[in-house]
Structure formats: C-alpha cells, structure tokens
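**Student:** As you go down the protein sequences, you meet chains C and B in turn.
So for the first sequence, the numbering used here puts the first residue at 2; every next one is plus one.
So for the second sequence, the numbering used here puts the first residue at 2; every next one is plus one.
Read the hints as simulated data drawn from the structure, not as lab findings.
Treat each hint with caution, since some may be false.
[Claimed, not checked] Facing chain B, from chain C, some residues (calculated, C-beta under 7 Å):
no.: 1; residue: Y110
no.: 2; residue: P113
no.: 3; residue: R149
[Stated by the list, open to error] Quick list of in silico lysine to any residue cross-link-like pairs, SDA-like style, CA-CA up to 20 Å:
no.: 4; chain 1: B; residue 1: K21; chain 2: B; residue 2: N51
no.: 5; chain 1: C; residue 1: K35; chain 2: B; residue 2: K14
no.: 6; chain 1: B; residue 1: K63; chain 2: B; residue 2: R34
no.: 7; chain 1: B; residue 1: K182; chain 2: B; residue 2: E156
no.: 8; chain 1: C; residue 1: K27; chain 2: B; residue 2: S70
no.: 9; chain 1: B; residue 1: K38; chain 2: B; residue 2: K22
no.: 10; chain 1: B; residue 1: K14; chain 2: B; residue 2: K182
no.: 11; chain 1: B; residue 1: K22; chain 2: C; residue 2: A18
no.: 12; chain 1: B; residue 1: K38; chain 2: C; residue 2: K27
no.: 13; chain 1: C; residue 1: K27; chain 2: B; residue 2: Q58
Cβ coordinates follow ideal geometry from the N, Cα and C atoms, glycine included.
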Amino acid sequence: MSNLNEENSIQGKVLTAIKEGKLVMKPKWHFVLKTVMHILVAVILFFALIYLISFIGLVAREKELFKLLNLNPRELYLLMTSIPWIIVILSIFLLFTFYKLVKEYAFIYKKPLVYSLSGIIFLVVLIGAIIQILDVNFRFARFGEGPRVPVLGPMHKYYRGDMDKRPMMKFRDDRRGMMPPRELESPFLK
Amino acid sequence: MEQSKKIETKTDKEIVLQIKKGDHDLFSEIVSRYEPKLRRYARKFLFKYNDVDDLVQDVFIKVYINLQSFDDDREFSPWIYRIAHNTYVNALKKKLTDRIFSTDFFDFDTFLPHTGEAERADKESDRELIKKELDHHLDSIDAKYREILILYFYEDMDYKEIAQVLGIPISTVGVRIKRGKDKLKELLSNNNFIYE
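With the hints as constraints, model all of the structure from the sequences given.
**Tutor:** Here you go:
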C-alpha cells in the first residue's frame with residue numbers, strides 16, 4: 002500500500018519517468034546554442050534598427066526635410082507626406098521587439114522599463130551617430146538600393162525616388178510644385 | 002542512513018550539481034524539498050484551480066528537463082520558483098477565471114522608477130497576523146499583488162529573490178507589497194478589523 006502511494010506521488014511519478022527514459026534532461030549544448038541564437042537575433046535586430054534609422058536620416062537629408070520645419074502649412078504638409086512613416090513605425094516595432102528579446106536578462110529587467118528603454122534608445126542613437134560621422138557617404142544607409150534587391154530595393158525607390166511617382170500622390174491636386182528629389186546619384190532611383 | 006544524512010546536509014546547489022553530473026536519483030531529494038513549498042504556493046496563488054498536483058508535477062518535469070540551463074553561480078530557489086511562477090501564470094491565463102495580471106510589455110508598476118519602498122522587516126507578530134488575515138482574503142486581492150504577498154509572507158523570500166522570480170525591478174517588488182498590504186488593510190477595515 003505504502004509502495005503504491007509512493008508510486009502515485011509526484012516524486013514517484015517523476016522518478017519513474019526518469020528511470021524509464023521518458024523524461025530526458027536537455028543537454029548543455031542545447032542551451033548554449035539557444036543563447037547564441039538569442040544573441041544573434043538580438044544583434045541582427047539591433048543593426049536592422051540602426052539601418053532603418055540611418056535610412057530615415059538619409060531620406061531626411063536627400064529630401065531636405067529639416068528645411069520644412071516651419072509653421073507654413075504647405076511646407077508642413079510636405080514634411081508630413083515626405084516622412085517615411087512606415088519605416089518610423091517599423092523602427093519603433095523593432096525597438097520594442099529588441100527590448101522584449103533582451104528583457105529576459107537580469108541587467109535589463111532589474112531596471113525600470115523607462116530606464117532600460119531609454120538606455121537602448123541612447124545606444125541606438127549613439128551608434129547611429131557614430132555611423133553617421135564615419136560613414137559620410139551614407140553607404141550603410143544606402144545598403145540594398147538596387148533594382149534587384151528584394152524589399153529594400155523598392156523601399157529605397159519609393160522613399161528616395163521622385164515623390165510624384167508615388168501612387169498616393171497621383172490623386173492629389175496640389176502635387177504641382179512638390180519638391181523634386183535632390184540630385185539623385187543612383188540612376189535606379191530616377 | 003549515513004548516506005541519507007549526507008544528502009540532507011547538502012545544499013540545493015550541491016545536489017543539482019551532482020544531478021547534472023549524472024546522479025539522476027538525487028532528483029528525488031529536490032522534489033521532496035520543494036514539493037510542499039510549490040504546492041502551498043500553487044494552492045494559495047491559484048485558489049480556484051483544482052489540478053494543483055498536475056501543475057506541481059509539471060514544474061518538476063520542466064525543472065528536470067531544463068536543469069542544465071541552471072547557472073551554478075546563482076541560487077537554486079529563485080530559479081525553481083521562476084519556473085513555478087511561469088507555469089502557474091500560464092495556467093491562470095488558460096483558465097481565464099482570474100484577472101490576468103500584466104506579465105506583458107507594459108506594466109506601469111515596472112515602467113517608472115520607485116523610491117522609498119526599500120525592504121523593511123515586519124515584526125514577527127505583524128507577519129503572523131498578516132498571514133492569518135491574508136488567508137481569508139486572498140480571493141479578493143488581484144493576482145498581481147496576491148502572488149507577491151504569498152512569496153513574501155508564506156515563502157519568506159526577500160525582495161531580491163522575489164525580483165528574480167518575477168523578473169521585475171526590486172523597487173517594484175516594494176511597491177507591489179505595499180499596495181497588496183494596503184488592499185488587505187482596506188478589506189479588513191471593510192470588515193471592521195483594524196491593524197496598523
């Protein structure tokens with residue numbers, strides 16, 4: 002009777018499963034590989050984030066968006082339509098995904114969310130700024146520009162190309178006088 | 002007899018290290034040490050849940066499967082409680098009988114830094130009184146505060162350990178304990194019972 006109770010106890014059931022080989026401990030390399038993959042994905046996400054931010058910087062420079070920062074309604078309208086909003090939203094999404102990924106680590110979750118998020122944003126901005134300083138010709142941000150590059154190619158063409166060619170612009174009456182793209186070096190964008 | 006005596010004097014970490022090296026029978030010692038604690042934690046946290054034994058068993062299965070991921074430089078207790086916490090919260094989510102507390106991205110308790118909620122030792126008599134009253138009012142306290150009160154008062158964990166179990170900042174632990182106690186006070190005062 003006592004043996005039966007022992008077998009039916011949690012301890013008994015778990016030990017029986019271990020002895021019968023139904024319960025197997027995952028090997029150490031499984032966790033090492035998992036951690037490596039985790040870090041790899043985090044690094045890729047981080048650089049994708051910096052790439053998108055650099056891309057926004059490149060669009061802002063080419064379209065001279067900073068010159069539109071005044072209260073003139075027409076220029077404000079131009080500014081709002083020229084900002085690559087989808088890329089901005091995608092960057093924010095990547096930022097939160099990156100945070101969620103690194104949140105498992107004690108050095109992140111121990112800090113209040115506002116601190117850890119600010120830290121990540123600071124790091125992204127800092128590395129982005131360093132790249133901006135070192136990479137004068139925006140080679141990093143230009144990565145993927147080309148007619149045959151999937152996703153990135155059309156993204157470059159859409160945001161850096163002629164605004165009049167955007168599908169959304171076709172139906173606008175005030176598109177006359179819309180800023181032409183600043184001297185485009187790449188013929189692909191024309 | 003001598004062998005069992007030796008095992009009893011060993012720390013959790015020492016036992017885990019031996020299990021990791023291949024002495025799988027020693028896992029029974031881990032089960033016997035933590036089963037009552039994890040069962041109590043589950044019963045109090047998931048008071049509406051009927052299959053507590055199955056959940057506790059699930060916890061031990063997960064612990065065994067993932068034992069190689071345990072970092073030997075850390076304490077074992079918060080690690081096993083973290084697995085229990087995740088298992089119990091998932092069970093709550095599946096049942097949907099309780100207000101699910103935010104383990105998701107935006108939890109305002111963890112959003113801003115909190116000050117002035119440093120750990121302080123409650124008097125032993127106060128702790129006993131709170132434990133007794135908590136038992137009667139657990140079902141009226143949100144899961145978010147209920148769990149932290151259980152870990153603090155019943156499992157006798159300090160703020161640092163609770164922070165590790167729940168994966169939240171230490172200052173947030175203090176805030177939640179305070180809010181949980183305030184809620185308990187409110188419930189007690191509604192029942193014309195006053196405690197300081």
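**Student:** Determine for every hint whether it applies to the structure shown.
**Tutor:** Evaluated hints:
{"no.": "1", "hint": "Y110", "result": "holds, 5 Å"}
{"no.": "2", "hint": "P113", "result": "holds, 4 Å"}
{"no.": "3", "hint": "R149", "result": "violated, 38 Å"}
{"no.": "4", "hint": "B:K21 x B:N51", "result": "violated, 33 Å"}
{"no.": "5", "hint": "C:K35 x B:K14", "result": "violated, 23 Å"}
{"no.": "6", "hint": "B:K63 x B:R34", "result": "holds, 16 Å"}
{"no.": "7", "hint": "B:K182 x B:E156", "result": "holds, 16 Å"}
{"no.": "8", "hint": "C:K27 x B:S70", "result": "holds, 9 Å"}
{"no.": "9", "hint": "B:K38 x B:K22", "result": "violated, 26 Å"}
{"no.": "10", "hint": "B:K14 x B:K182", "result": "violated, 33 Å"}
{"no.": "11", "hint": "B:K22 x C:A18", "result": "holds, 19 Å"}
{"no.": "12", "hint": "B:K38 x C:K27", "result": "violated, 25 Å"}
{"no.": "13", "hint": "C:K27 x B:Q58", "result": "holds, 18 Å"}
When each numbered hint is compared with the structure, violations occur for hints 3, 4, 5, 9, 10, 12.
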